[in-house]
Amino acid sequence: MSDQSRSLLRHDVRHGTRIARAEFVRSVREYLQDNRRIIGFLVAFLFLGGNLLFMLPTVYFAGRTAQSASTVPFFGPAASLVPVVLVLFAALRTVERISGVEAEALMLTSVHPRAVVVGLLGAELARLALWFGLPVALVAGVFAVGLGAPTLLVTGVLVLLPLACCAAIWGYALGLGVLRLLRRLPRVRRVAQVGGILLFLVVLIGSQLVGQYLALADVSLESLLSVLTLGPVVEYVSLAFVGTPLARPVDATGFVVLLGLVALTPVGLVLAERQATTLWFTDDVVTRERSRSSPDTPRETTHFAPPKPFAWTQAGGVAWGILVRAVRKPQELVHLITIVFFAGPFVGTFTQAGPGSETSVILLAGLGVVLGAYLSGAAFGLNPLGDDRPQFPLLLLTETSPKTYVYGRIVAGLTVGLPVATLVPLVALTLRGLPQVAVAFTLAGVVACLAAALFAPGLGCLYPIYDAREIWGTESVSPSMLVMMAFTFVVIGGSSLGLVATWFLLFGGVGMSATVAVALGCYLLLTGGLPLLSSWYALRRYRRFVFE
Amino acid sequence: MPSTTSLAIEATDLRKTYGSETALDGVSLSIPTGTVYGFLGPNGAGKSTTMRILTGLSKPTSGTVRVAGTAVENRRAFVPHIGYLPETPPVYDEFSAREQLEYSADLRDIPRDVATDRIEQYLADFDLTDDADKRIRTYSKGMRQKTAFIQSVLHDPDVVFLDEPTSGLDPRAARSIRESITDLAANGTTVFLSTHILPVVEAVADEVGVLFDGHLVAEGTPDELKTRAQTDAGGSLEDAFLAVTSGPDVAGGLEESGTGGSSEPSESSEPSEATAPASTTGDDA
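Chain order of the listed sequences is E and F.
Take 1 as the starting number for the first sequence in full-length UniProt numbering and just add one per residue.
Take 1 as the starting number for the second sequence in full-length UniProt numbering and just add one per residue.
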């Protein structure tokens, strides 16, 4: 490398460091910009931090009892997977969030693209350190104390740093490469937007099934994982144990891997810079072609004409508008993916029970009811103020009452959820020869959907999110995660409880004792009262909405 | 430090296509140093595309661009020469105006003491001193625009590209920016000003270029363009603008009257006085 190249590199790294610092400060300020967000973080911190604290004694004793690195459970496969996971994670984050910089025009007319790449990666590493660094350091620290070798913290950082830098840079280059490919192949991009979500669902559900299979089947996990073990990588990670009781004879391959990482990092930087330069300075043909309309192209005239029964009421018209927009931009519903985390275990249980058995059909029917109820509220109801805010200058200055807009969201949600909650149990249980159960579950589904649809808007109005974020390549104003969790907990818990109660009361031989009557009364009171109270609150928030 | 090169912007036969669509077709510009060049055109004419190409943010399908004597492809050498204010101000909500400007100064390698003096001066000039330490999130549109404007000229560039700098501003803020544009030109900085607000162009521009449907359909001083319009529709710059961007009939009429404009401007090989490139009006502009 010539003196000039070195000087330019130093120059870019200095700019990159400045950009990284600025981006990190911006992120922290964004996290802390309002009290409700801080409360959300505190709740998450208490929840996750509590779990971590309970885990620490186990980690400490693991450190005390560890005799050698090979006795650490799954050390080899885990060490081998670390670089792969880091590269894939970096690629995913690149595709999802950091493929470009905000105020791009300022950045790209001020500094060299290489500085921007360094800055974005530096900021991302700092954000990761903020979120995961403390818990990882805590676990490693407690393990090191248990081991009686505090130097593990130092050696661990020395081993992890080159690995993380190399993986981050190559992951970034990979992510940008994927984006370039999607830009070149517009059709692939459209397929990937839907296919990516489907793949995500398959991976999530598949992981549940694989987990259950491994737990129940008679397979040797060790033999499976030994296939994934890469000796040189394990040797490299083992360098972290140098100077501790877990140290094993140092193998030269570990140092070769270290040299490889050090050599590959600048190569990756050059590649990432080239990818970024091409991506940032090339126009997106698809977006451009969509945004320009050719006068020669004949246009199809479209009218806003809700079909019956939506046309019967104003709220129905509003609901139809919401549904049309959802169909045209389904990415807006990306927040619904969280249901998969909850539905996954059911799928596993369903397959265990055997797809054709009575238990599995009843489970399927129950899953339909719960999923339908969830969709009725979560599809359009969990961030109504955030969704409608850009249109409020129009909506609130028309003669239409604000309650129409709330009811419109409820109707739109029911349109999505009610068919799932009624048809799945009705068809599945009838075909299995359980018509009475089918009717009971279907009626329970109707009640659950109504309750969830009425409950969601009020809950969403408690903590509206107004800022759009890019998720899966789409700018969307998604509901708050806290709201999503609360809704999921209440609706899945409530509707499951209702189904169990329905089953036992009607078919399980449970008599109507005083205790049962009181419990049932409380349940029905909550099922009816909470949604009504919630929808009343949503109406109140709409009526009193002001821009602040 | 403004360049001493006689031509600040040289663009030759720029063409830009997006798939089957042509956004720019045969656009050439020769803008002398120190000129305020008003760049006009209806929505969708290709103004923003031209700006992105001239600032190196987009590559032309064919054609070349040099700014302050430097080819735009040579990004490292090119960026110190230019300042760019896009239509959406590139500022960060999470910073204050002072932080934003200090950040920008750092990235431009302006020495700390020089940057501090310039920032204080500009903040005072644009009436932002009292709000300089508040987060930009709390700013009005005008305050954001003024902050972004300062940012684009803070490093004393040779050429400043301004995309709708006074759009949506109150009269006082708009005047501040207009006066700054005039001051910049007086100090030898070239200003490439894209706007729909014709009185601003009339007030500050030495040269005007009108882009229509990807073609540069007219070029000249504001007076020359107004003179052309007098023969047909009226005598203001607005009349001239409407005349040359009203489609083939009107443009054809102008061509017949010998005052420039063309329904097929890329084929015009002999521009009249009013359609001549800015450089033909003299390098001492």
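The hints are simulated quantities; they were obtained by calculation from the structure and are not laboratory data.
All C-beta atoms in this analysis are idealised placements derived from N, C-alpha and C, irrespective of residue type, glycine included.
Treat each hint with caution, since some may be false.
Computed footprint of chain F on chain E, listed as stretches where at least three residues anywhere in the stretch have a Cβ under 8 Å from a Cβ of chain F [what the hints assert, rightly or not]: (1) 22 to 29; (2) 95 to 106.
A short list of chain F residues far from chain E (calculated; beta carbon distances all over 10 Å) [as the list claims (entries may be wrong)]: (3) 42; (4) 55; (5) 112; (6) 142; (7) 223.
Against the structure, the hints come out as follows:
1. 22 to 29: holds (count 4)
2. 95 to 106: holds (count 5)
3. 42: 13 Å, holds
4. 55: With a cut-off of 10 Å, residue 55 of chain F comes too close to chain E, as the shortest Cβ separation is near 6 Å.
5. 112: 12 Å, holds
6. 142: With a cut-off of 10 Å, residue 142 of chain F remains clear of chain E, as the shortest Cβ separation is near 18 Å.
7. 223: Holds, because the least Cβ-Cβ distance between residue 223 of chain F and chain E comes to about 33 Å, which exceeds 10 Å.
When the structure is compared with the earlier hints, a violation turns up for hint 4 alone.
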